[in-house]
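Trainee: Listed below, chain by chain, are the residues.
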Amino acid sequence: MKDWRYWLAEQRGTLLALGIFIVMFIIYTSNHPAGFNANVVQTAANKGVLLAFVAMAQTLVVITAGIDLSVGMIFLLTNCLASWLVVGTPMETAFGVVAVLAVGLVCGAINGAIVIYGRLQPIVATIATGAVYYGIGLLLRPFPGGSVNEDLADALTGRVFELVPASLVVLLAVVLVVWVPFSRSVLGRAAYAAGSSETAAYMSGVPIRRGKFMAYTLAGLLAAIGGLFLTFFTYTGEAAYASGNSYTLFSIAAVVLGGVSLFGGKGSAIGAIFGALAFRTIGDLLFVFDFDPLWQPLFQGVILLIAVSLGAFALFRVRNRLEWFL
Amino acid sequence: MDGAAPLFSMEGISKRYGGVRALEKAELVIQAGSIHAILGENGAGKSTLIKVMSGVVAPDEGRMMLDGREVTFASPGAANKAGIVCIFQELSLIPELSVADNIVISDPPKRFGMIDRKAQRRIAEDALARAGAADIHPLSLVKDLPLSRRQMVEIAKALARKPRILILDEATSALTAADVSKIFAVLKRLRSEGLALLYISHRMNEIAELADHCTVFRNGRNVASYKAGTKSDNEVVELMIGREYSHIFPPKPAAVAATAVPILEARGLSWTDRLHNISLTVRAGEVVGLGGLDGQGQRELLLAFFGVLRGLTGQVLIDGKPVAIASPAAARENNIGMALIPEDRKTEGLMLPMTVRENLSFAALDRLSKAGIIDRAAEQRLIDDMVGLLAIKTAGLDIPVGALSGGNQQKVVIAKWLMRQPRIILLNDPTRGIDVGTKQELYQLMRKLADAGAAILFYSTDYDELIGCCGRVLVLYDGAVKRELVGAEITERALISSALNIHGEESPVGLGASA
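Protein sequence lines, in the order shown, are assigned to chains A and B.
Here this note's numbering is used: the first residue of the first sequence is 89, the next is one more, and so on.
Here this note's numbering is used: the first residue of the second sequence is 14, the next is one more, and so on.
These are calculated hints, taken from the structure and not from any lab test.
Source: prediction; values computed, not measured.
Treat the hints with care, since some could be wrong.
[Claimed, not checked] Per label pair, the in silico range of CB-to-CB distance:
(1) A:331 / B:285: 24 to 32 Å
(2) A:396 / B:124: 35 to 43 Å
(3) B:454 / A:201: 27 to 35 Å
(4) A:410 / B:272: 33 to 41 Å
(5) B:359 / A:252: 39 to 47 Å
[Claimed, not checked] According to the in silico footprint, chain B covers these stretches of chain A (three or more CB under 8 Å from chain B):
(6) 91-103
(7) 109-118
(8) 166-177
By construction, the Cβ of each residue, glycine as well, lies at the ideal position given by its N, Cα and C atoms.
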């Protein structure tokens, strides 16, 4: 086989997600009353990147064969915090942004420490820490309110050169600054190795613990970037429990849609981003078709099931039934 | 030993797991530029010895010297840094990563803090070439490779770490004969480059061809150390098991009449490229062996009978009537009555965290329950019978089965299936990793079951077992039956020469007097 065939095989999940997204987005814009223009793209991008950041966060943890049920709550907590801190003069605002991101890092690091050094199951550990993070968010914002530096918010949710949504530019920057270095670093590879076969990784002298810790910590950071953006869109902070939970669950759906294996060791954050964008577009499809919004959850669920089933076709080719369970 | 100062030595190393002594004041001396073979029965302490050397487990007492200085290893990584690299029997490759990723995994080349993929590719290609496996593409995923190729990647990975001491633990068990000869050439070259190689294998002919020096382990101690070629195979075997080895096996009965209708029969079984036109018969009271090198289709053949493989061609006949077995659940039904003792008891045979009681009754739950409710009294009676029959040593029925020793775990797997009183018993290398005493009990049990009318198909990687237990042995090579050995034809020489697909009665290289 030629090199590109291997590359293609490796990127299959990501490309599939990209394909699903493009198809959905074409259906969406071609039925949108305003058609395909910068405004429509901007609105779609702004809604999409929120889930994209949270899904990236989820990807990092899922790669290690874990799961982070607190990402939605870190997202909420940092939203509440940003509505207090990201205000005032440019200096104060900058400090606020750094503080919010630092809190996200700390939340992720706490998750990592509990899972890795406390040896708790990721599901249980992150349900508990998620409740704690939500609780803190609720104390910060018992009622919706607060504000944000509007110049910054408008700049980051607007358009660059009147054309490209600024939020997509930021998303790209985050991919380049966080994901690419992580996936090509030794610790990133350790995270993959730990997710694929922890024993083999240990036997090979791979820094499993540091790799997993890095994955959890960066997941906290990415969720916090999402939280910041939520503040930029809404101009307020709100500890909305249902919203946090749905972001957590949607992030898992987006990750699977993006070709990341829940068994760990396989997939990329790029795929998860397209998974998130596709998932959001699916949700919005109903509006352009003028259906009753009551249909949305049902419709979204069915489309999701179909999309995820695409990945299961390989099972039909399995000749040894024991491989079903691998 | 030669006069030269040893490269590495172990003194008074002991290791205990719970109440079990894995190593008891073990000693070992290794010289640079030589191949040192370690021999011993399973459970003799070889694996623990290697694990201590390569930093996987810490010894309870004793010390290790490298270049005359005392060393301790906190992790496999630390041992690697000191130049001790082990190729483990259980593969240490990461399935979802590419071959190149795996080869450099413990110390990837870096550029600006990130992994340098070009350099990685170069290192991987170089290492694969050194291991004589240049046909493997560095970008292919490990999980897509067959076992024998993975083993070659494992060897390439070890070479890429530039070891001073290379430990090979049954490293050739999954290889084809062609690969084995390539690897031997590589190992001899490494020896001439001044490496010390520690070679663990059950294959006497491999050891005879490669080793300069041998150490025999038994019950966690080194019982003998000698220059290669100075002892006969029989002497070595007696050192390994500590007694005359003819006493282990129960006497064989007279051959079963070939006129009886076979309980289990295969006609022209084929499956993908792993099984080719296999025909065989097993009659009531027979123990039929499957021989050959590991990975020649024996496991697939057993799985095929047990209804695990899809797309099988050819016929399976039970009591002379063709049947289609679509799943393990169908295979165990009364009209077929088949049981498979799997190769890997930890994943395919037992639910380790569940109790002994639960594990024992899994296969027979349908017989022990009425309308879905388990009859606990009947369950208890049957379990008591089995624990008694197999002499399972356990602190209680309600402790996790994972807490038992390997031999007792294997007895639980077997007892679980015996609770259904199967007529056809397929055994996939059932004595791997269990002690000699338990093995002896299993051989006797097998004989007892056959005498009671069961048809047994027995795959073993241990030639002595096939010689000692079977009335007939089918030797598989590359998914096809190469040779059928009956009665007195079953000798180590015949088994090995047909396993290596060598024609004629010429003895393979270095094989001793045992045949």
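Trainee: Run every hint past the structure and note whether it holds.
Mentor: Each hint tested on the structure:
no., hint, in the structure
1, A:331 / B:285: 24 to 32 Å, "51 Å, violated"
2, A:396 / B:124: 35 to 43 Å, "38 Å, holds"
3, B:454 / A:201: 27 to 35 Å, "48 Å, violated"
4, A:410 / B:272: 33 to 41 Å, "37 Å, holds"
5, B:359 / A:252: 39 to 47 Å, "54 Å, violated"
6, 91-103, "holds (count 5)"
7, 109-118, "violated (count 0)"
8, 166-177, "violated (count 0)"
When the structure is compared with the earlier hints, violations turn up for hints 1, 3, 5, 7, 8 and for no others.
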